[in-house]
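If you're matching them up, the sequences are chains A and B in order.
Counted the way this note's numbering counts, the first sequence spans residues 1 to 295.
Counted the way this note's numbering counts, the second sequence spans residues 296 to 549.
A hint or two may mislead.
[Stated by the list, open to error] Simulated pairs of lysine to aspartate or glutamate, EDC-like, Cα-Cα distance not exceeding 20 angstroms:
1) A:K130 <-> A:E219
2) B:K498 <-> B:D400
3) A:K294 <-> B:D400
4) A:K130 <-> B:D400
The set of hints was computed from the structure by calculation and includes no laboratory data.
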Amino acid sequence: MHPAPSVILFTTLSGLGFGLLAYLGLGFPPVTGWVAFVFYAIAYGLAVGGLLASTFHLGHPERAWRAFTQWKTSWLSREGVCAVAALLVMGLYAIGAVFLETHWTLLGLIGAALSIATVFTTSMIYTQLKTIPRWNMSVTPVMFLSFSLSGGALLAGQESLAPWLLLAAGVVQLAYWHKGDQAFASSGTTMGTATGLGDRGAVRAFEPPHTGSNYLLREFVYVVGRKHIQKLRGIALILGFILPILCLWLPTESSMAKHLMAAVAVLAHIAGIMASRWLFFAQAEHVVGLYYGKR
Amino acid sequence: MTELPTTTDRKMGLVIDLDTCVGCHACVISCKGWNTENYGAPLSDQDAYGGDPSGTFLNRVHSFEVQPDEGHAQLIHFPKSCLHCEDAPCVTVCPTGASYKRVEDGIVLVNEDNCIGCGLCAWSCPYGARELDLAEGVMKKCTLCVDRIYNENLPEVDRVPSCVRTCPAGARHFGDLGDPNSDVSKLVAERGGMDLMPEMGTKPVNKYLPPRPKDQIEDQIDVLAPLLAPVTEEAGGFMGWLDKALDKLPGGAS
Numbered sequence: 001m002h003p004a005p006s007v008i009l010f011t012t013l014s015g016l017g018f019g020l021l022a023y024l025g026l027g028f029p030p031v032t033g034w035v036a037f038v039f040y041a042i043a044y045g046l047a048v049g050g051l052l053a054s055t056f057h058l059g060h061p062e063r064a065w066r067a068f069t070q071w072k073t074s075w076l077s078r079e080g081v082c083a084v085a086a087l088l089v090m091g092l093y094a095i096g097a098v099f100l101e102t103h104w105t106l107l108g109l110i111g112a113a114l115s116i117a118t119v120f121t122t123s124m125i126y127t128q129l130k131t132i133p134r135w136n137m138s139v140t141p142v143m144f145l146s147f148s149l150s151g152g153a154l155l156a157g158q159e160s161l162a163p164w165l166l167l168a169a170g171v172v173q174l175a176y177w178h179k180g181d182q183a184f185a186s187s188g189t190t191m192g193t194a195t196g197l198g199d200r201g202a203v204r205a206f207e208p209p210h211t212g213s214n215y216l217l218r219e220f221v222y223v224v225g226r227k228h229i230q231k232l233r234g235i236a237l238i239l240g241f242i243l244p245i246l247c248l249w250l251p252t253e254s255s256m257a258k259h260l261m262a263a264v265a266v267l268a269h270i271a272g273i274m275a276s277r278w279l280f281f282a283q284a285e286h287v288v289g290l291y292y293g294k295r
Numbered sequence: 296m297t298e299l300p301t302t303t304d305r306k307m308g309l310v311i312d313l314d315t316c317v318g319c320h321a322c323v324i325s326c327k328g329w330n331t332e333n334y335g336a337p338l339s340d341q342d343a344y345g346g347d348p349s350g351t352f353l354n355r356v357h358s359f360e361v362q363p364d365e366g367h368a369q370l371i372h373f374p375k376s377c378l379h380c381e382d383a384p385c386v387t388v389c390p391t392g393a394s395y396k397r398v399e400d401g402i403v404l405v406n407e408d409n410c411i412g413c414g415l416c417a418w419s420c421p422y423g424a425r426e427l428d429l430a431e432g433v434m435k436k437c438t439l440c441v442d443r444i445y446n447e448n449l450p451e452v453d454r455v456p457s458c459v460r461t462c463p464a465g466a467r468h469f470g471d472l473g474d475p476n477s478d479v480s481k482l483v484a485e486r487g488g489m490d491l492m493p494e495m496g497t498k499p500v501n502k503y504l505p506p507r508p509k510d511q512i513e514d515q516i517d518v519l520a521p522l523l524a525p526v527t528e529e530a531g532g533f534m535g536w537l538d539k540a541l542d543k544l545p546g547g548a549s
């Protein structure tokens, strides 16, 4: 799959933003006033920034409001509904925390649930696609949720919880790569089933339909950079999980050093998750490639 | 609405004969010609006369080689367009309701005025039947020539999809695959019509007829060989006398 920068930015940033919102809704940390304002500005900046980035790859962004209508069947529509609902509810909760110095607990709980639901619906957009075996796995939503919850804990300053969640997310990441590497083969789809000619012999693509490229090949058969996969996996693991854990566990004296380490941890985590997300798209093979003798 | 109908009154679709298709691409050209100037946005090309031409097509013809364990390889031309699936994943993933499957005839269409061009329907299609038009930013797909098949302004013979009307080999058939007595259904039953990627659970309406078994060509490669073989080893009659007479002349038998 073509790793569109807008979608990588969206899934990374909004995942973090909604993760942070979930913690804020649950009262971790129970901030009010100016401190709350900064926390909510960061959370909304990430979540809304991510959502805006995702509209850049649309052919007609001006019609995006129509995407709220088909929540009965479409995970993309459900994501839109959940995201807007989460932002509205948490917006009200934030008004209470920032201006009135109060926490409306029930509202916060609903907002946290909606924030987590938004990340889940995002993951289901990919998980539902049978055409992309590497995404069509139950570990895909687990990965999105674990990234969001660990990144959210990091941003929310949950020093004791965050390292353990990051560790868990790193393990989920390894499990996703391990299962994903076998997904296409175990899906049972081959050039034989794609053409229906498999029982007659070995099928080979003899000639493509056109001498030039096309939308399908550009969008679904992205092979650039696959040779660097192992290196990128290493970078994603180190930056996304190992370095942030070390930053949090390193004993520091002054609060200045502590904040500096936290900033390094957050930036490394974001870079690592982006590398992981790039791989998520670039490594995903769509079955339509089989018609072109490619994967 | 992106909820699929539980049943459709008819299941209009194509039956494509892989035995007959000669791979001429006439269906590709006639499809592009008809659909670029009729239903919906035109099918644009990018850099059509430059070094890297590409464009939107609703129908493309692949060619595959099949090598059996024993015997000769076979070349099979393989036209591919929307299969108008009964359980069409492209319809249910659509966030706007632009994609829909018609209750009256089962045709899967895109209402281009509602399409936001997110591309998710193309992601969900295992067959590569949907292409996002780069000029218009909306999703294009085979309409089964919905603007031809019911068009009373056209002569009756033309009220079939453009690809079917054009095919010089008669490799494409159009009809109601929901009616077991239709010509297309009979053809599918007779020839063992098959689904593409049945494991995807899309229940395609369009069927493909597998190539018929070839004659045994292992013993004799050239079909003209029997005609070229000598009729008798020994020449008889006048030619036989002449042969012997010439052998007796000085110089000896050759």
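Hint check:
Between A:K130 and A:E219 the CA atoms are separated by roughly 16 angstroms; this keeps the pair inside 20 angstroms, and the hint holds. Under the criterion of a C-alpha separation no larger than 20 angstroms, the hint pairing B:K498 with B:D400 is consistent with the structure, at around 15 angstroms. Between the alpha carbons of A:K294 and B:D400 the distance comes to roughly 35 angstroms, so the proposed pair goes past 20 angstroms and is violated. The suggested pairing of A:K130 with B:D400 is violated, with an alpha-carbon distance near 26 angstroms, which exceeds 20 angstroms.
Against the hints set out earlier in the document, violations occur for numbers 3 and 4.
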